[in-house]
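Based on these hints, arrange chains R, B and L on the given structure of chain P.
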Amino acid sequence: REQKTIFELSSEGRNGFRFPKSDVKAAELPNDLMRETLPLPELSEMDVVRHYTRLSALNYSVDTGFYPLGSCTMKYNPKICEKAARFSGFSQLHPLQPVETVQGALLILYEMQEILQEISGFHAASLTPAAGAHGEFSGVKMIAAYHNQRDNSRRKVMLIPDSAHGTNPASSVMCGFRVQPVNTNERGNIDLKSLAAYCNDELAGIMITNPNTLGLFDENLIEAIDMVHQAGGLVYGDGANMNALLGIAKPAELGFDVMHFNLHKTFATPHGGGGPGAGAVCCTERLRDFLPGPIAAVIEPATDELPPLYGWKMPEKSIGQVGSFWGHFDVIVKAYTYCLMLGRDGLKRVAEFATLNANYLMSALKDVYPLPYDRICMHEFVLDVKWPDAPDVRALDVAKRLMDYDFHPPTNYFPLIVHEALMIEPTETESKQTLDLFIEAMRSIAKEAHEQPELLHDAPVNTPFGRMDEVKAAKDLKITE
Amino acid sequence: REQKTIFELSSEGRNGFRFPKSDVKAAELPNDLMRETLPLPELSEMDVVRHYTRLSALNYSVDTGFYPLGSCTMKYNPKICEKAARFSGFSQLHPLQPVETVQGALLILYEMQEILQEISGFHAASLTPAAGAHGEFSGVKMIAAYHNQRDNSRRKVMLIPDSAHGTNPASSVMCGFRVQPVNTNERGNIDLKSLAAYCNDELAGIMITNPNTLGLFDENLIEAIDMVHQAGGLVYGDGANMNALLGIAKPAELGFDVMHFNLHKTFATPHGGGGPGAGAVCCTERLRDFLPGPIAAVIEPATDELPPLYGWKMPEKSIGQVGSFWGHFDVIVKAYTYCLMLGRDGLKRVAEFATLNANYLMSALKDVYPLPYDRICMHEFVLDVKWPDAPDVRALDVAKRLMDYDFHPPTNYFPLIVHEALMIEPTETESKQTLDLFIEAMRSIAKEAHEQPELLHDAPVNTPFGRMDEVKAAKDLKITE
Amino acid sequence: MMFIPHSDAERDEMLAAIGIQSMDDLFEAIPKRYRFPKINLHEGMTEIEASAQLKEIAEADLSVEDVSCFLGAGAYHHYIPAVIDNLISRGEFYTAYTPYQPEISQGTLQGIFEYQSLIARLTGMEAANASHYDGATACAEAGILAYHQFRGKRKKILVSPGLHPHYAAVMQTYLENFDGVHIEIPEFKSLDSVTPQNLADLIDEETAMVMVQYPDFFGQLFDYSEFAEIVHAKGALFCMSVNPIALGLLKTPGEMGADIVVGEGQPLGIPLSLGGPYLGLFAAKKDLIRKVSGRIVGETVDNRGQKAYVLTLTAREQHIRREKATSNICSNQGLNALTAAIYLSLLGKKGLQDVARLCYDKAHYAAERISKIPGFHVLNSTPFFHEFAVACPAPVSEINEHLLHHGILGGLDLSRMIPSLQNVMLIAVTELNSKEAIDDFCRILSGDENDDES
Amino acid sequence: MMFIPHSDAERDEMLAAIGIQSMDDLFEAIPKRYRFPKINLHEGMTEIEASAQLKEIAEADLSVEDVSCFLGAGAYHHYIPAVIDNLISRGEFYTAYTPYQPEISQGTLQGIFEYQSLIARLTGMEAANASHYDGATACAEAGILAYHQFRGKRKKILVSPGLHPHYAAVMQTYLENFDGVHIEIPEFKSLDSVTPQNLADLIDEETAMVMVQYPDFFGQLFDYSEFAEIVHAKGALFCMSVNPIALGLLKTPGEMGADIVVGEGQPLGIPLSLGGPYLGLFAAKKDLIRKVSGRIVGETVDNRGQKAYVLTLTAREQHIRREKATSNICSNQGLNALTAAIYLSLLGKKGLQDVARLCYDKAHYAAERISKIPGFHVLNSTPFFHEFAVACPAPVSEINEHLLHHGILGGLDLSRMIPSLQNVMLIAVTELNSKEAIDDFCRILSGDENDDES
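Chains as they are written, first to last, in our numbering: chain P, 1 to 481; chain R, 1 to 481; chain B, 1 to 454; chain L, 1 to 454.
Some clues are possibly wrong.
[As the list claims (entries may be wrong)] Simulated crosslink set (DSSO-like; lysine-lysine; CA at most 27 Å straight-line):
no.	chain 1	residue 1	chain 2	residue 2
1	P	432	P	447
2	B	324	B	285
3	B	155	B	189
4	B	251	R	25
5	R	4	R	472
6	L	285	R	21
7	B	286	R	472
8	L	189	P	250
9	B	38	P	21
10	R	21	B	435
Since the hints were derived computationally from the structure, they do not count as laboratory data.
Nothing here was measured: the structure is a model prediction, and the numbers come from that model.
Here chain P stands alone, though its shape is the one from the complex (with noise of 0.2 Å):
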């Protein structure tokens, strides 16, 4: 299955793509910044069709078979939302021309900020940002300025239960924060002990993501947001988990201070196979002027004759711009015409079923695997594949059988606080059919993990590829040819 590259595929004078003979005069070039050789590939249209077809082949998607991912929200992306983002009306969009060239675009950007706000509870968004992490830095940076134009510049700390991304320390310290891990109790709950002993004057917030990383609404949710706010620390929402709460709750009214969206995840953009994804910010009024800009606003007003005109803002005391331009616009497209197309009750619907397959799963899987947090879960679950009776059977080596099994592993490893972690997310878009396949390779997996773990370590068998050598590609580093 191997397949040659675009260079060993190269022939020399070859040309896949010929562009027109010039319709003016040469201008005379700079000879001492000419390059000497340009060492591209020379391929015809149809390698490069054939080269890229066939890659193609090798991927699995969502397009392809199921993604139990656990905090990846791999739900399926609609066709239409495709071809709406590709109208020239919005693909061949300059980012500079002027508003007035534009105000189909800024009404979809002013609109999807309204409906982030509203699923949310929030009451100002920014789409600027491009990604789930990047929402989330913009986020944590707002806390920064929040604190430091409050010359609280001592509120340095930021708190992080130990079930978190690993995104949220990272970001946190992009923002000269200092990270400090709040425990996780033995219901999957933040641990108040544990919080309370950092609700000083040195506390700048806390980063929680709700329902958690073991697919759990934290039962002390209320309390510990108000330990942090009494401790004058504001509460930062990982949104990577909102498909759960989708019309359920709002997370402003929950208490959380800001938040970012994936819009990748929640709202069924495509993840590319690693982005682009978009990261919109949502935030409450006392953090509103600290976003990241510049956001879609209505700069004059509608008339009886007039619709409004859309413009560009730049919030106040805006942390700054986070990327060249105004966001992922085409992403947005796709997101919005979702969001469209669901309305109010599609969205809840979302949440509604997302949990139900999640507990649909779980529970018919607790009886043959270890189970740690038994208790209805929202949108995904935790197991910790540690069986006393097939100890040298790891939660890797279920991932890699599930391929065989024509199925894409759960997430695993992760959070870090289970040990041999699958975290599984189905989602709503799978069917009660695929669901049930998916239970019967588990349970098939389990088995076998007892009676032939061989079939576990060797796995996966039935792929265009077998297990890498990791070590061999970070030692003899060859990353580009």
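Only chains R, B and L this time, still in chain P's reference frame:
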């Protein structure tokens, strides 16, 4: 690799596409005319996308590999042609719109007619036939109409070389002709003696494929055509092999009276897994009034201020309409785009390099595979897989074994005059690198045929499916589920 | 060179391997005086230039997406779900060849098998083939089948005047004068006279096949159950040409006793494209299947025990039977059949019912509105689907010109196809005609253009 | 339900299997008073309705395809070959997740490996990562790298006033005030003063990194080879932000001695899309690679002996290092990196040279024409690429309004970003600006609109 059918995937109550609620009141239904059940499958949008995406992965295609399919001209299908055909101003035109509203489309049809005429030397063209065989039927019907209007109704014999495509006799019979085979001589040319015997006043015409299905330019062509003309017959040209003649020779100048083109062979439009193709028919002055119609015509000539007005015109003594509307416009747009891009010189290069590729393969294989007609070929050639020292290996075995080397098999068992025929047509779009890999595979298979013939009999093994039980398919006939 | 990968060096290497000096040497077999003729065409152009030029040409056309469209008459403006183009744009589907090599063509083969199954279910028939070119040629192929069914002994094919005039014309092109076959079409007198009753009297012992359309060219619906019995009593085959969307709602040809069902599959997700390529539906009773022309996919197993599909009954086809074949069909409409299968899978039971019902209700709403406009008179008196004929107070071409000024593509001027129908417009309505657009259409028809700004 | 496949029966079956009564029971953990808030949004709509509405919204925008576009300034209107969308629309690419499971992700992984190789070759560097969000964040990430390279001991990052003002702004958002880091940008005085020479004096022992743009924001080209030596002599890192199309023609940053190369990959086949998503290029010398943030794909073998690719050096990343990671980057621009790789593979050596040359020649043609219009004055005095600044006789916003009436999107009003540059327009020209369009543009600029009909 077996895939469930859409019926097996169906789940009651599921719905992949929702329609808006009606904005008008419900009309009274004719109760006695209502169907009771509608046994269609019920799937989600994702079910549908996954199903067809997974199915597609089971197909070989030009976009994934090399098709050395003699007589089929499986060349690369440029992507820009697909894009252009999808422009709303082409794809969203109703066939019965007033001609004033489809001037762009009519311009393309008109110019495509002109292009085909210029390439072939003919004087008129109709784009209405839906496929090669359909164009062939139209052309033969024109010959019938021609003789009928001259009251030459005795002329009922159509001569067809024994190397001809099966469509030739079938088309002739559909048009009411009796088919008389003509022999091929040992150099692969029409046997003139055999021909002479039928040149009498029952002769309606002859159907000639040139280059013929052995890939050879018939050395007796001019004389044969002359004999038929002398006897009062007309000469039909099967345009399937036109890829070899673009810019090399004009069929009308060679003496043909009428010919069809396969746009999906010669002009790079895709084969679509079995269509739609498009089969234009071209003819000389004396047959033009018999063309199927309507054809695109200038109905008001250009003036100083205005461009010409294009419209439809039915040829005076037309054999009639051959399809619901005006032919495969969408396919014609693709062919037109291709012609625009190649232009005069590009089209000639097509024939040159198609011929170069075929001769290159032939010369590299003829020492290991029996070559029944050993002279410079045109765009294709035929091998005869009969090794005295490997008597149980047949053309079919070589064909199937090629799949294990990731190549599509050549056309086999055609033409019928070569018993173990492998008919190889590389087309101009394949690179020397690909041809070299194919040569390597063919030579390696020849070796296997002698040393390990079971590898060939068991082939293919590297494909998603193995050899089929064709007898069962016909015997237990199950053609619906 | 455009789409030719060879470098000069590679070319020379290949010439040397062949053992010739130049490219011209490849063509020595061609008599010199015919060789390398002058081709009077423009020079080639790049993708950038070609796409700009084509964009300009396309913009000279009026897309139905940009107007309000009331044209039907055999080609219908339905919504095409975004899923469809995403899937049929996959190179593995559209750049594949005819699936003669089943080991590496199961995608196409299973797709077509499912298509056959869907068409059979939709029409209520036992069997279906892999498609014909379009509705008209499918009718002609039905005629050929009927001819062969009676070994040429029955020479008459009786065609309803309710069959699309183009379909009748194509049947004539294919069959008229072939071995004495005669196509009989009663002259069109009035819409009211286009009924199964009026056709029944013309069936005789010479009749090989009777062909009707359902809904007919004027949108009319009849229950052909009794008619089918009459046809069968005379020993003839009964063929119905159908609109597949209508079958989302209506009693099936199978229930009514049809032997053959043909039809135009374009409404099943295939773009209008100025009339083609479309999709010829062809279904039949099981005992006729071996006489059906065109490809047929059947289920089987491979040598690894997997369920699989192959082209079957190939012994009927021209590449085997040559002059004994009943058809010369070679390529069919594979990709469009796949499109129809995707459309039907996606819409499924409920979706097809819904779209059929929307078309039905909206057409009736439009007819009711139009019938109230002075000077306009709906001619249909029986239930109808998709379309209906309206007598107008002026030539349809004039009315249509006026409508076009208001961004409306009016219905078909029936006099274009049936000269006796002067001043009659055939109006088609689908799910894409909103109430508002229908109301606007009526407003313009009624001459009340006050609020209009176009 | 839209995109949710469950029937009521299935839902009930699943609830029973879980052992609860109703859907609401799933949410008992949520305090009642917060549960099920009112969401004040419209009702959902079908695909037909949504696509009609979006089409209408899109038509309120002016697409650069329908005008003559002279806007650049960090986003460029290049032709996107049809091949690209065909390939990146393949579900296997765009609906795939980050390739953490290499056994079933080789498509993405090899694609990115090749992307890295192409970017390294294009920039003349030894290594490249799998992308950053865009040109601006890539600059910021370079700054972070420089900070870590010196373990926070060098606090100054010197930025050329020729760097895109947005990029400088984003560097400030990321870095300013972080552990005392200070970004120094000399004030813009005049175009002539934006030179490497003028920057050289500001490098000191505190400087961690010097950042220039090539071609710079005003299109200016300089050979930075000597400058790089000066930077290195002070012990700092030298980073260049590049336009990848220009590198089809120009001496590489690698040859000039850059340690880090960043840039905006949008011109490589990525649509303008109002500014995003774009593609942050990031290449570096080999010895810096372990400090580069973002994903990196490396070659290895699988346990069947096949050459294969994996995400490597993952120990740098946030999901392993958490607070010790140098970046929080998680998703990147995978699909856009693939797009760029397809673009570069398709154009190849000759194509990229050709497009670069066309941009170069056309920009110079435009500048020459404009320089002859009374009142207009080209400010660039050194060689330039893609764009150039023009002093105008009136406010640029007024001129642009006038141009827009004639279907022309004028250049950037530089005062929007650099207030001191009143009445100066930054004009960008690519291969898509025909001579005719440039001539029209000049004609309108010169006030000679006689032949114009718009």
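The hints, checked one at a time:
1. 432/P with 447/P: Satisfied, since the Cα-Cα distance of roughly 22 Å is no more than 27 Å.
2. 324/B with 285/B: Within the cut-off at roughly 23 Å; holds.
3. 155/B with 189/B: Distance of about 25 Å is within 27 Å: holds.
4. 251/B with 25/R: Answer holds: residue 251/B to residue 25/R is near 23 Å, not above 27 Å.
5. 4/R with 472/R: 20 Å, holds
6. 285/L with 21/R: Not OK: residue 285/L and residue 21/R at ~61 Å, beyond 27 Å, violated.
7. 286/B with 472/R: 17 Å, holds
8. 189/L with 250/P: Violated - the C-alpha atoms of residue 250/P and residue 189/L are around 50 Å apart, more than 27 Å.
9. 38/B with 21/P: 25 Å, holds
10. 21/R with 435/B: OK: residue 21/R and residue 435/B at ~12 Å, within 27 Å.
Comparing the model with each earlier hint shows violations of hints 6 and 8; every other hint is respected.
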